[in-house]
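All chains, please: the whole structure from these sequences, using the hints.
Listed here are the chains, written in short residue letters.
Protein chains: 2
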Amino acid sequence: MHKLLTSNLKLGIIAGGQLAKMLIQEASKWDIDSYVLDSEPDCPAASIASHSILGSYRDYDDVYRFGKMVDLLSFEIEHVNVEALIQLKREGLRIVPDPRILELIQDKGLQKEFFARHGIPTAEFKTYGSAEAIRGGIERGEISYPFVQKLRKGGYDGRGVAVIQDAGSLDSLLHGASLVERRVEIDRELSVVVARNGKGEIKSYPVVEMLFDPKANLADMIICPSSVGSEQSEKALSLAARIIEDLKMEGVLAVEFFVDQDGEVVVNEMAPRTHNSGHHTIESVATSQFEQQLRAVLDLPLGSTQLLLPAVMVNIVGDEGHEGPVRYEGVEEILALEGVNLHLYGKKITRPYRKMGHVTVVSASLADALEKAKQVKETIGVKSWKHS
Amino acid sequence: MHKLLTSNLKLGIIAGGQLAKMLIQEASKWDIDSYVLDSEPDCPAASIASHSILGSYRDYDDVYRFGKMVDLLSFEIEHVNVEALIQLKREGLRIVPDPRILELIQDKGLQKEFFARHGIPTAEFKTYGSAEAIRGGIERGEISYPFVQKLRKGGYDGRGVAVIQDAGSLDSLLHGASLVERRVEIDRELSVVVARNGKGEIKSYPVVEMLFDPKANLADMIICPSSVGSEQSEKALSLAARIIEDLKMEGVLAVEFFVDQDGEVVVNEMAPRTHNSGHHTIESVATSQFEQQLRAVLDLPLGSTQLLLPAVMVNIVGDEGHEGPVRYEGVEEILALEGVNLHLYGKKITRPYRKMGHVTVVSASLADALEKAKQVKETIGVKSWKHS
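Protein chains in written order, with my numbering: chain Y, 2 to 389; chain G, 2 to 389.
Don't read these hints as lab results, they were simulated from the structure.
Some clues are possibly wrong.
When chains are identical, the list treats them as one kind, so a pair holds in a single copy or across two.
List of simulated lysine-lysine pairs, BS3-like, C-alpha gap at most 27 Å [to be verified]:
1) K384 x K11
2) K69 x K349
3) K154 x K249
4) K378 x K216
5) K69 x K378
6) K11 x K249
See the structure below:
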């Protein structure tokens, strides 16, 4: 990465949401010139990107033209036009992670087949071409209730997933090519963010535990360190490292796990990028997941993933019943709590459960951090001017 | 600060160097819209500021017009056109720190008189209107050798200071209104960054020790915690808090101290802003000095100044014999050291001893951090393409 040394390196980031914004906050420390491709001129990353380029990450021409502007390409979302990336790579552009990783992960069917092929424990599954084909599978006795249907492509933040309890809820089946999974009786949900560079060096962040808000279908609180036993924790860490190694992937990978009622650790899914479950690393770990992404993209030595302080991360989501220009409440109160670190992404419009920001509480005591995180949740309000 | 809650707050920062850049890195986390006034279009802060405005901070019209664009005004340098600030304040703009603080601190004579009036220990001094007047003072026996001459206005990073050993070095006297100080026999140099908000809340960062490079006349390494005894450390902390209280100042104030050969702690000078001696707080303290500045400017509760890990900060300055477009050497090697945090400011042109960036090394052991900081100094190179 000879160009890093010249202070002229152009890093392209596809999509300009909060992950891109937090990556640029790190990239600016190394004086890297940041280019963002997004279809919204006031996307979160636009306010601090060196250059904002308007265009769609799903469009071949937009992605291709954007790639020709930069020295290095990465992304904050996996649903990118892969054909454009493959062409750019053919023409010599360094893209991290590699387009073939995106191609695999964009399709939850291919993702599951990868797990099966490499002996990675995951819920039993079958793939089907449509809702109709799933009904056929049920009639043939291939599928038993309850089960989970996941669209192979396009799912995000809990969208594209249906839980079918019994024959009476078959009307909820989603349309499109899907995989059908045995429903895991979930005891806990864990996540591991792991990074690998071009020299094959691998570093994993400590296991976090994800607490879900059933209404928002979003991870509601992230706790680090998790409260699972060391056996399960080591299992999750070793699986995450095995997956990134088997993928021969450069970059940052988030792996989500279920721990079932019998204490078995199975992989749920993965994302080839920084992740909500790693936001706490900005304050609680020696190297944040965003700096780690930069290190991997630049093929630099990976940074230490040592946890400095216990941390609890709370998502700040739009309040129910509010849609329109955003207005935050309770900011001053939460900033009076020691150890509270506020991140507002800068989205202009709030909607119910939209991710608008997050707070990481660090403390020498996890119990204290949890207590304060609950206070933050109760105190912060994300309203709209229109409904006030 | 009702506007903070709307995601539309416009923060103006006068001058766009590294201090402004690091302030914007924090402001972007709270989704504050940043405006920077600088005469250089590619100043360090321009790469991440929401809006870069071209103009001189010394020019009345430029400062006044800039102030009319924003909701709140702060600065990264004290040599701002104060008349424009006073007019803007009269028209209702919130400016933090207040223009009267700038007026006082811009003039080292007024600064010293403030210390004397408030019983703050500082080296004995007298003020003179010119080099000629100083010669007169010597003839009248008011001044004895060795002494230090400081220009009342415009000094920065060691410029505007002359050390006069004896009559033979009188040719080195600087021209302009000056103060003449008894030369302190310096044992150590300390610094305290302290903040105060509009509610009168005061928080001080731990005392740091500054090691100087005699060639560059710049603080070369900053060590936190310092190695001075607790009595001197408490003296420095209490003086810093007394000064900001006596000034009734809102904002961040850096106070530099000498410890003389007898162990006495005296104030050297102060700056009404974030400071090189506080850069380590980005990684080593719960709240960085830049977030603290934001909190003070927004009149929010001040953040915790608890030291999380011992830290050593090293300035990255231009190598001797190199002037021109910058090229860094050894970046990959230093990033391989655990605990190394790199900040490159993004200045395009290097000059001998120009501050181009800094590195903060954090470690559970201060000795380890010091060892690595020395390695960083030996490894990093700031060259110019032209001279390679």
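Status of the hints after comparison with the structure:
1. With identical chains, the CA atoms of K384 and K11 are at most 27 Å apart between copies only, with a shortest distance of 21 Å across copies and 37 Å within one.
2. For the homomeric pair K69 and K349, the shortest alpha-carbon distance between copies (24 Å) is at most 27 Å, but the shortest distance inside one copy (30 Å) is not.
3. In this homomeric assembly, K154 and K249 come within 27 Å of each other (Cα to Cα) only inside a single copy, at 23 Å, whereas the closest approach across copies is 60 Å.
4. Within a single copy, K378 and K216 get their C-alpha atoms as close as 14 Å, which meets the 27 Å cut-off; across copies the closest is 53 Å, which misses it.
5. When the C-alpha separation of K69 and K378 is checked against a cutoff of 27 Å, the pair qualifies neither within a copy, at 43 Å, nor between copies, at 37 Å.
6. In the homo-oligomer, the alpha carbons of K11 and K249 lie at most 27 Å apart inside one protomer (25 Å), although the nearest pairing across protomers, at 45 Å, exceeds that limit.
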